[in-house]
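Chemist: Chain residues, written in single-letter form:
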Amino acid sequence: MDWWRSLRTQETTHSRFIGMLSLTVLTLVITFFLPPVADSQLAGGAAIAIVVLGLSWLTGWSGQISLGNSGFMAVGAYAAGIWAHHHTSTPLVFTLILALVVGGISGLIIAIPSTRLRGPYLAGMTLAFSAAVTPLAQNFSSVTGGEGGLFFNSLVTPKWFLHLFSGPYAAINANAQWSADLAVVVAGVMFFFMANLFHSRTGRAMRLVRDNDVAAELMGVNLARARTSAFVVSAAFAGIGGALYSLLQASVRPETFPIGLSITLLTLMVLGGIGTLSGAVIGGIIYSFSTNLVAHVNSLTGVNPTSNVGANMQGMIFSVLLIVTMLFAPRGIVSLKTPLRRLFRARPLAPAAKEVH
Amino acid sequence: MTDTDTRRFTLEFEHVSVNFGGLLALSDVSFHVGENEIVGLIGPNGAGKTTAFNVACGFQKPTSGSVTFPQLGRSHLKPPQLAKAGIARTLQGVGLFSHMSVLENVMAGAQSRPGGGLWSSLVGQPSGTRHERALRDEAMGQLERLGVARFAGALPSGIPYGIAKKVSIARALMERPVLLMLDEPASGLDENELEDFIQLITELHDSMSVLLVEHNMDFVMQLVHQLVVLNFGQVIAQGSPSEISNNPDVLAAYLGIDE
Chain X
-6 MDWWRSLRTQ
4 ETTHSRFIGM
14 LSLTVLTLVI
24 TFFLPPVADS
34 QLAGGAAIAI
44 VVLGLSWLTG
54 WSGQISLGNS
64 GFMAVGAYAA
74 GIWAHHHTST
84 PLVFTLILAL
94 VVGGISGLII
104 AIPSTRLRGP
114 YLAGMTLAFS
124 AAVTPLAQNF
134 SSVTGGEGGL
144 FFNSLVTPKW
154 FLHLFSGPYA
164 AINANAQWSA
174 DLAVVVAGVM
184 FFFMANLFHS
194 RTGRAMRLVR
204 DNDVAAELMG
214 VNLARARTSA
224 FVVSAAFAGI
234 GGALYSLLQA
244 SVRPETFPIG
254 LSITLLTLMV
264 LGGIGTLSGA
274 VIGGIIYSFS
284 TNLVAHVNSL
294 TGVNPTSNVG
304 ANMQGMIFSV
314 LLIVTMLFAP
324 RGIVSLKTPL
334 RRLFRARPLA
344 PAAKEVH
Chain E
120 MTDTDTRRFT
130 LEFEHVSVNF
140 GGLLALSDVS
150 FHVGENEIVG
160 LIGPNGAGKT
170 TAFNVACGFQ
180 KPTSGSVTFP
190 QLGRSHLKPP
200 QLAKAGIART
210 LQGVGLFSHM
220 SVLENVMAGA
230 QSRPGGGLWS
240 SLVGQPSGTR
250 HERALRDEAM
260 GQLERLGVAR
270 FAGALPSGIP
280 YGIAKKVSIA
290 RALMERPVLL
300 MLDEPASGLD
310 ENELEDFIQL
320 ITELHDSMSV
330 LLVEHNMDFV
340 MQLVHQLVVL
350 NFGQVIAQGS
360 PSEISNNPDV
370 LAAYLGIDE
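So the sequences go chain by chain: X and E.
My numbering puts the first sequence at residues -6 to 350.
My numbering puts the second sequence at residues 120 to 378.
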């Protein structure tokens, strides 16, 4: 059962690949059974999960905080949008890679001054960046399309996929599911990369810097370089996630990426569990179906969705979720799996932990 | 000193002074650590021992003078360059990475060795996995050598202080050092652990030089070949433990005054 053990511990690239592949395929199968609305929501959630994972890497692994990841999302989205707007025949994969690279470069530019800062100062600096993105996009309207944004239709459902569907709403169903499947596959690929990073030498370097920077330096880690590369990876993930998010909406507009989105990303990361793959998945799922939750709460309480209270219902629900989660699972929803596992398994936990006392 | 000058030194301090805005932390300090030699740096609190350590490690720039590593052919190294050059330093206390297991802490000692960069980590190159496995085995070997292998899976906060000290030594040894710098290695250890430690460092000096800062005089006297005594930032005496213990200046400045 050696292969099973290695699969569970995600020790080899091979086992991580198999793990991510099976999860991706499973999710793809699920999309066949979801209604089109849920498929669209899932697609958005997958895009957000990629961004949350990038943020989780930055915060959970390198110990830095960013309130600027909605800004990196915008950079990736505009890179993809501007390119796709002018080059309609470019394959989608290329557009996404472009967003990834441009997002990463924007991360590098922000990181060079930012990695000299810690804690609240770093948060402030990155917040300023994400605040600057919306006005920039509004003002350079010749490139960005200004307030109205850019429209592009890169997400074309292929013919063979359309043929899988029949009935009066075949095209709608097929389109919704195609976008969901595409987003899930992109997320699967990005999660695989991050899983590798978590278990690598680079991943360890980040944790050294986070835990004890003086000792990390004595181990030979270049602190500035480690912190910068953490930012670049985080921004690249935000870039591709933001591009995917815009592709799903077939447009990119300034108000898609408000500062509030950075806070939402942070909330989703904390809700799921900082620094973990499953935490980012949970964050993505919460985001996907938060609109249902909002609608449900609105109908329960009789609040008018267009009223002031109704418009801010998502924020309020996230706040309540955050408080409840912090009370009962301070390390995020993902930490609940340990007591669950304990419940279903009679044998003692890790043998090493037993020997300590 | 003339007979020792023909040997190769691992570390050499030449006329090092450090000035903290008018306060002279080190004044014209010269000493050396020979190959495979154990040298102790002692002196009362505030004598400049830690400053000397920090200068050697590049955490503190000397105002004047030079720090060279003749055996390594290097000088004035910056902290992130030390490990690669073959210099390992432990920190006061234990300085372990608190959210990583003991085994991972020891593996971290090999961080300066060439290995995959960001890209190879992202795509998960098989060579990286093999590298990590080999590291884990080597780290486990170090823990076994120091007799603390059964704590491999524990977190630093969950193990006794004496064990944590050994783990920090194991981590330093993963750097395959030519010069091992120990910052107060004996503090917080009980008598049995001290015995262990003396034996361990005595074994180690076959393959490396050791420079240590220490308060515990019994420990130092049993262990070192050479002593350098600092007081108010100046070297007031150097020599073998027996020479030092009979030096009237040292007795007046340090040994006579029980801390």
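Think of the hints as simulated: they come from the structure by calculation, not from any bench.
Small disclaimer: the values here were computed from a predicted structure and weren't measured.
One or more hints might be untrue.
Residues of chain E placed beyond 10 Å of chain X at every Cβ, according to the derived structure [stated by the list, open to error]: (1) Gly214; (2) Ser231; (3) Ser240; (4) Val297; (5) Phe351.
These stretches of chain X come out as covered by chain E in the derived footprint (C-beta under 8 Å, 3 or more residues) [claimed, not checked]: (6) 69 to 75; (7) 132 to 146; (8) 214 to 222.
For every residue, glycine included, the Cβ atom is placed at its ideal position computed from N, Cα and C.
Chemist: Taking the hints in turn, state whether each one holds.
Modeler: Here is how each hint holds up against the structure:
1. Gly214: Since the minimum Cβ distance to chain X is about 5 Å, Gly214 (chain E) lies within 10 Å and the statement is violated.
2. Ser231: violated, 3 Å
3. Ser240: violated, 3 Å
4. Val297: Since the minimum Cβ distance to chain X is about 14 Å, Val297 (chain E) lies beyond 10 Å and the statement holds.
5. Phe351: holds, 26 Å
6. 69 to 75: violated (count 0)
7. 132 to 146: violated (count 0)
8. 214 to 222: holds (count 4)
Of the numbered hints stated above, those contradicted by the structure are hints 1, 2, 3, 6 and 7, listed in ascending order.
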